[in-house]
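Participant: Those protein sequences? They're chains F and V, same order as listed.
According to the numbering used here, the first sequence holds residues 26 to 358 in order.
According to the numbering used here, the second sequence holds residues 56 to 317 in order.
Hints listed in this document are in silico derivations from the structure and should not be mistaken for laboratory results.
Heads up, some of the hints might be wrong.
[Said to hold, decoys possible] Taking lysine-lysine and the DSSO-like style, the derived pairs with C-alpha atoms no more than 30 Å apart in a straight line are: (1) V/Lys-109 / F/Lys-214; (2) F/Lys-235 / V/Lys-314; (3) F/Lys-356 / V/Lys-103; (4) F/Lys-250 / V/Lys-274; (5) V/Lys-295 / F/Lys-349; (6) F/Lys-297 / V/Lys-109; (7) F/Lys-250 / V/Lys-282; (8) F/Lys-259 / V/Lys-291; (9) V/Lys-160 / F/Lys-349; (10) V/Lys-103 / F/Lys-120; (11) F/Lys-224 / V/Lys-103; (12) F/Lys-219 / V/Lys-141; (13) V/Lys-274 / F/Lys-122; (14) F/Lys-328 / V/Lys-308; (15) V/Lys-270 / F/Lys-235; (16) V/Lys-282 / F/Lys-219; (17) V/Lys-160 / F/Lys-264; (18) F/Lys-219 / V/Lys-207; (19) F/Lys-226 / V/Lys-207; (20) F/Lys-119 / V/Lys-103; (21) F/Lys-297 / V/Lys-274; (22) F/Lys-328 / V/Lys-212; (23) F/Lys-219 / F/Lys-61; (24) V/Lys-109 / F/Lys-219; (25) F/Lys-46 / V/Lys-72; (26) V/Lys-270 / F/Lys-30; (27) V/Lys-270 / F/Lys-119; (28) V/Lys-282 / F/Lys-122; (29) F/Lys-252 / V/Lys-104; (30) F/Lys-295 / V/Lys-314; (31) F/Lys-283 / V/Lys-70; (32) F/Lys-325 / V/Lys-109; (33) F/Lys-259 / V/Lys-314; (34) V/Lys-122 / F/Lys-159; (35) V/Lys-270 / F/Lys-250; (36) V/Lys-161 / F/Lys-259; (37) F/Lys-297 / V/Lys-314.
[Stated by the list, open to error] Far from chain F, some chain V residues (derived; all Cβ distances over 10 Å): (38) Leu-100; (39) Glu-101; (40) Pro-117.
Only a predicted model underlies this, so the values are computations on that prediction, with no experimental measurement involved.
Beta carbons: idealized from backbone N, C-alpha and C, even for Gly.
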Amino acid sequence: MTDLKSYKNIWVFAEIDQINKTLKSVSLELLSAAKKLAGELNCKTAVVIIGQENKKFFDEFSKYGADIIYNIEDVSFTHYDTQNYFQILFALTKKYKPEAILFPSTYIGRDLAPRLASRLSCGLTADCTALSSKDANLVQSRPAFGGNIMADIICPNTRPQMATVRANILPKIILDIPTKPQIIEEHFKAIPSKVRLIKTKEDKRSEILKPEEADIVISIGRGVKNKETFSLIKEIAGKLGAALGATRPVIEEGLLPKNHQIGQSGVTVKPKIYISFGISGALQHTVGMNNSDLIISVNKDDKAPIFNLCQYGFVGDVEQIVPKILQAINKLK
Amino acid sequence: MNIIICLKQVPDTAKVKMNPDGTLIRTGVPSILNPYDHFALATALEIKKQTGAKIKVLSMGPSQASKVLRLALALGADEGYLLSDKAFAGSDTWATAYALSCAIKKISPFDLILCGQMAIDGDTAQTGPEIAGQLNIPQITFCSNIEEVSPKTLTVKKLIDGGHQILEITLPALITLTTPHNFVFPYPSFTDIFKAQEKPLFTWTAQDVNADINKLGLKGSPTRVAKIYPPVQKQKGAVKTLSADDTALEIIKILQAQKVIK
Chain F
26 MTDLKSYKNI WVFAEIDQIN KTLKSVSLEL LSAAKKLAGE LNCKTAVVII
76 GQENKKFFDE FSKYGADIIY NIEDVSFTHY DTQNYFQILF ALTKKYKPEA
126 ILFPSTYIGR DLAPRLASRL SCGLTADCTA LSSKDANLVQ SRPAFGGNIM
176 ADIICPNTRP QMATVRANIL PKIILDIPTK PQIIEEHFKA IPSKVRLIKT
226 KEDKRSEILK PEEADIVISI GRGVKNKETF SLIKEIAGKL GAALGATRPV
276 IEEGLLPKNH QIGQSGVTVK PKIYISFGIS GALQHTVGMN NSDLIISVNK
326 DDKAPIFNLC QYGFVGDVEQ IVPKILQAIN KLK
Chain V
56 MNIIICLKQV PDTAKVKMNP DGTLIRTGVP SILNPYDHFA LATALEIKKQ
106 TGAKIKVLSM GPSQASKVLR LALALGADEG YLLSDKAFAG SDTWATAYAL
156 SCAIKKISPF DLILCGQMAI DGDTAQTGPE IAGQLNIPQI TFCSNIEEVS
206 PKTLTVKKLI DGGHQILEIT LPALITLTTP HNFVFPYPSF TDIFKAQEKP
256 LFTWTAQDVN ADINKLGLKG SPTRVAKIYP PVQKQKGAVK TLSADDTALE
306 IIKILQAQKV IK
């Protein structure tokens with residue numbers, strides 16, 4: 026039986042982008058969540074960072090509430106490698122016994138966390154959208170069944186409790202007074218990996234704004250049938266400084282690149298304003314946008330499920346309404 | 056080359072309907088082969104064409120899950136294995152990966168294990184890498200393509216945030232695959248389905264694969280579902296039917312109130 030009481034502190038795995046080597050913003054979202062949980066569970070927060078020249082990120086960690094930074098720096102850890110990162114986290118976990126470890130729900134987090142969980146015989150909850158605590162357990166909330174239901178998951182008998190957490194959902198909270206984190210340097214020798222990186226290639230960037238980074242997102246669904254209407258929507262987006270998003274069928278038709286797909290198999294967005302044109306609101310899509318602050322929807326079917334979650338719904342023909350919106354905006358300027 | 060593919064029978068989540076109170080209507084939802092696994096199978100069949108690899112398909116579930124194994128056999132897999140036992144019921148990803156890895160040890164030797172990146176009913180993407188962890192073999196997850204196959208190594212294209220990587224992995228290894236959007240899933244002909252009836256399909260219990268009963272099912276699962284509930288719906292606003300002109304004006308007013316435009 027695991028002595029649960031010997032495990033303490035909430036850890037965050039800080040992820041470095043593999044292309045531009047910046048700190049992924051989700052790492053700070055996780056740190057803010059860890060800070061809140063650590064307050065509730067009366068323990069400390071710690072960041073684990075593996076890479077090269079990590080110190081430039083330490084200021085950020087202190088602004089968002091890190092009490093401890095475990096720093097693992099070596100030129101051989103510049104690129105993510107499952108085996109090497111796993112052996113480091115496995116050793117650190119055995120040595121310091123964290124109560125919980127939060128990973129970003131990214132390609133890296135979702136590769137590393139299950140590997141670690143399987144070897145530690147620990148529970149792991151995938152792609153969480155909320156975290157809280159109850160009776161000294163971490164309560165991990167996640168959508169399941171294609172977003173049709175929510176489930177709260179706990180790991181009452183094993184430690185550490187592990188979760189991957191979706192980006193762009195939890196708030197980043199800057200502290201009034203930054204922490205003065207204790208920095209613990211840990212040294213590891215790279216093991217020869219069975220996986221060799223041949224090359225890393227950046228996908229062609231679309232010139233348009235990324236939906237997950239924009240304050241306003243205008244999304245289109247299959248109700249936008251006319252290419253003409255689509256180009257007018259693009260123009261509106263340009264004038265409002267909005268990013269474009271789309272449902273999966275629209276992406277499959279090739280109107281927008283894949284990184285503009287919003288929903289279960291695409292990105293999750295949480296803009297201040299989300300405007301949808303011709304989207305009926307299948308759950309596959311809405312799980313990716315229902316956290317938006319304000320939702321405006323136009324659809325010709327008054328029974329479309331999207332109208333159940335928007336604050337302003339308009340029944341009507343997108344093809345007719347879109348040109349009028351553009352005209353009205355042009356008149357104002 | 057010996058390839059093992061892990062397959063899961065799943066409810067077609069795209070066809071799930073909800074009761075007005077937000078609970079799931081579970082009856083009448085068709086069961087399908089998890090689409091990501093279907094792509095993994097198609098990928099393995101391509102490798103079989105090139106190299107003459109032997110393909111063994113493995114699934115865990117109730118007896119009706121043998122349907123997806125029969126489908127795989129009809130499409131060209133050589134042998135099927137179904138793990139079916141009450142002891143497996145309620146397994147989370149850790150316990151599932153443990154049970155599957157016990158079966159894989161019994162099916163051994165293997166060069167390559169292929170899994171879909173995730174199942175559409177759970178969306179965890181954990182079972183694949185957890186199997187690799189249990190077996191202590193290298194893994195690459197979220198691969199969009201297998202570029203090159205040689206007897207000792209595999210070259211794959213893997214998705215990363217904002218791009219992709221080309222990686223080479225030493226076999227034996229486990230790869231999880233994502234599905235391209237334009238992918239047309241292969242289905243067998245009636246003749247193939249008929250012929251596949253002759254192919255071997257084994258059903259194994261926990262004891263058959265020497266699994267420790269304490270590591271299976273609810274008892275062996277570190278995670279517990281504490282609560283299931285419908286997703287929170289936002290406060291619903293008014294839905295208006297107006298002329299195109301008035302709709303446009305209303306939207307402009309909202310954007311002005313939000314200070315997006317003046």
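Participant: So, for every hint listed, does it hold in this structure?
Facilitator: For each hint, the structure was consulted:
no.: 1; hint: V/Lys-109 / F/Lys-214; in the structure: violated, 38 Å
no.: 2; hint: F/Lys-235 / V/Lys-314; in the structure: holds, 21 Å
no.: 3; hint: F/Lys-356 / V/Lys-103; in the structure: violated, 63 Å
no.: 4; hint: F/Lys-250 / V/Lys-274; in the structure: violated, 52 Å
no.: 5; hint: V/Lys-295 / F/Lys-349; in the structure: holds, 17 Å
no.: 6; hint: F/Lys-297 / V/Lys-109; in the structure: violated, 53 Å
no.: 7; hint: F/Lys-250 / V/Lys-282; in the structure: violated, 41 Å
no.: 8; hint: F/Lys-259 / V/Lys-291; in the structure: holds, 27 Å
no.: 9; hint: V/Lys-160 / F/Lys-349; in the structure: violated, 65 Å
no.: 10; hint: V/Lys-103 / F/Lys-120; in the structure: violated, 45 Å
no.: 11; hint: F/Lys-224 / V/Lys-103; in the structure: holds, 27 Å
no.: 12; hint: F/Lys-219 / V/Lys-141; in the structure: violated, 37 Å
no.: 13; hint: V/Lys-274 / F/Lys-122; in the structure: holds, 23 Å
no.: 14; hint: F/Lys-328 / V/Lys-308; in the structure: holds, 24 Å
no.: 15; hint: V/Lys-270 / F/Lys-235; in the structure: violated, 44 Å
no.: 16; hint: V/Lys-282 / F/Lys-219; in the structure: violated, 41 Å
no.: 17; hint: V/Lys-160 / F/Lys-264; in the structure: violated, 60 Å
no.: 18; hint: F/Lys-219 / V/Lys-207; in the structure: holds, 11 Å
no.: 19; hint: F/Lys-226 / V/Lys-207; in the structure: holds, 25 Å
no.: 20; hint: F/Lys-119 / V/Lys-103; in the structure: violated, 42 Å
no.: 21; hint: F/Lys-297 / V/Lys-274; in the structure: violated, 44 Å
no.: 22; hint: F/Lys-328 / V/Lys-212; in the structure: violated, 43 Å
no.: 23; hint: F/Lys-219 / F/Lys-61; in the structure: violated, 39 Å
no.: 24; hint: V/Lys-109 / F/Lys-219; in the structure: holds, 23 Å
no.: 25; hint: F/Lys-46 / V/Lys-72; in the structure: violated, 43 Å
no.: 26; hint: V/Lys-270 / F/Lys-30; in the structure: holds, 23 Å
no.: 27; hint: V/Lys-270 / F/Lys-119; in the structure: holds, 21 Å
no.: 28; hint: V/Lys-282 / F/Lys-122; in the structure: holds, 27 Å
no.: 29; hint: F/Lys-252 / V/Lys-104; in the structure: violated, 42 Å
no.: 30; hint: F/Lys-295 / V/Lys-314; in the structure: holds, 18 Å
no.: 31; hint: F/Lys-283 / V/Lys-70; in the structure: holds, 23 Å
no.: 32; hint: F/Lys-325 / V/Lys-109; in the structure: violated, 52 Å
no.: 33; hint: F/Lys-259 / V/Lys-314; in the structure: holds, 20 Å
no.: 34; hint: V/Lys-122 / F/Lys-159; in the structure: violated, 42 Å
no.: 35; hint: V/Lys-270 / F/Lys-250; in the structure: violated, 53 Å
no.: 36; hint: V/Lys-161 / F/Lys-259; in the structure: violated, 57 Å
no.: 37; hint: F/Lys-297 / V/Lys-314; in the structure: holds, 11 Å
no.: 38; hint: Leu-100; in the structure: holds, 24 Å
no.: 39; hint: Glu-101; in the structure: holds, 21 Å
no.: 40; hint: Pro-117; in the structure: holds, 18 Å
Violation of the numbered hints given earlier is confined to hints 1, 3, 4, 6, 7, 9, 10, 12, 15, 16, 17, 20, 21, 22, 23, 25, 29, 32, 34, 35, 36; the remaining hints are satisfied by the structure.
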